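S.K.: Sequences are here, hints too, so could you generate the full structure?
Chains R and S, in that order, give the protein sequences. As numbered in this note's numbering, residues 3 to 148 make up the first sequence, in order. As numbered in this note's numbering, residues -16 to 273 make up the second sequence, in order.
These are computed hints drawn from the structure, not numbers from a lab. Mixed in with the good hints there might be a few duds.
[What the hints assert, rightly or not] Below, a list of computed lysine to aspartate or glutamate pairs in the EDC-like style, where the Cα atoms sit at most 16 Å apart:
no., chain 1, residue 1, chain 2, residue 2
1, S, K116, R, D54
2, S, K120, S, E93
3, S, K269, S, D211
4, S, K202, R, E31
5, S, K198, R, D54
Values in this document were obtained by computation on a predicted structure and should not be read as measured data.
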Amino acid sequence: MVSEAAVNGRLVTRRNLTLEFVSFEDGKEAVAKAANYLFVKHYANGTKEKSDFTEPQMAEALGAIGSGGADPDLLLIYGSTRCHLGFPAWRLRYTEIVPIPPAKAKGSSRWVAAKARGKLPNINIFLFGFFLSVDGISPEMSLLER
Amino acid sequence: MTKKIGDQAGKMFEYFGSFLRKCIFSVLSVGPVPDHIAFIMDGNRRYAKKRNLLDGAGHRSGYLALMNMLKYCYELGVKYATIYAFSIDNFRRRPEEVQSTMQLILEKIEDLIKEESMVNQYGVRIYFLGSLKLLSKPVRLAAERAMVATSGNSKSVLSICLAYTSSDEILHAVQECCGEKWDEGSALESKGAGNGLVFLKGNENGKIKPSIVVKDLEKHMYAAVAPDPDIIIRTSGETRLSNFLLWQSANCLLYAPPILWPEIGLWHLIWAVLDFQRNFSYLKEKTKLS
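M.R.: Written out as structure tokens, the structure reads:
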């Protein structure tokens, strides 16, 4: 649902915001659960299926066990080490991984928004630990000023 | 005569460079040295365009840069190196480009297994990781020959990811685990255990349940031939992993120098290792927790 309002003379477009929390267990453990799900589903008739599993089937299995969701376009890592620390591998395939150094972390909203605009014009942003999903960024305002 | 003097000067320069590297690596080795470094060799085509070179010349320059980087890694004491040579996604490029890249890969695999190559000099065992059935027969056979020819080497390991993506690797591991569990269940059933396949019949007794765990999946990963990487270096300043070692890189330092792959040199490796040493305690703690 989109509505428009004027704030301080600027046009502000509101979009839905989805907050998703992800933990370490949504990584490798989730893939193991998805493997069990696929095993029961595809071998349930008592015969071994010949065809290999496909990526859509894996994505469906991850969704069925509660670890599905869109792949983030941008992963912001707050901390001194450039390391994704086990973010769900299946969702990290083409994600831009941007470390936010401690010096930038305070007052980083404009810096992050500038980096985000530089990398991708219309993006869904997820933060590991918690997610912010925005359907596109309005060019009139930075994400973190919302 | 002039050529002889030139050759001698070249050799002296090489000896001096090697001596200087030994000194630098001795100092670096005071701190922790990474066991495994992985490389995403990004920027070969842009390098060729930048230097107005012919198609394919960028990849050839990239190969020379790769040989140097591997030499430096093995001299430093890095036991495992992994390179992202060709992604499954790369098959979508123009057919002529794919063909030319495959031809270069075939040529370089043959070079690698020659007696005088760097691989034998440093005792490197080669593995090819990926869905090799997607490769053409000549390339697949060359890869298999290289793995057999170097199977006796044990000082270092070079894993070459060819027709590889992490998602394909994970799917393959899942497929193998399911096949394994099926075979285990069928074997129990045939021995008259009676409840081998009960989980497939809707858990009638609830005694046996499918139990694929993370360790089972890790056993079947293509990259199980090496420990998890300590550093992934991707050139061109790009910060994506592009479906490379996603499963294995949870506690791995990501280093993205803003240079094209053929421009990479010793100093970039030194910088990456120093960065690794700065973050070693933190990464070690994270690895223990996981």
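S.K.: Compare the structure with each hint and give your call.
M.R.: Verification of the supplied hints:
Pair hint S/K116 plus R/D54 holds up; C-alpha atoms about 13 Å apart against a cutoff of 16 Å. Between S/K120 and S/E93 the alpha-carbon distance is near 14 Å, which keeps this suggested pair within the 16 Å criterion. This hinted pair checks out: S/K269 and S/D211 have alpha carbons roughly 13 Å apart, not beyond 16 Å. With a C-alpha separation of about 15 Å, the suggested pair S/K202 and R/E31 falls inside the 16 Å cut-off, and the hint holds.
Taking the CA atoms of S/K198 and R/D54, the gap is about 21 Å. The hint is violated against a cut of 16 Å.
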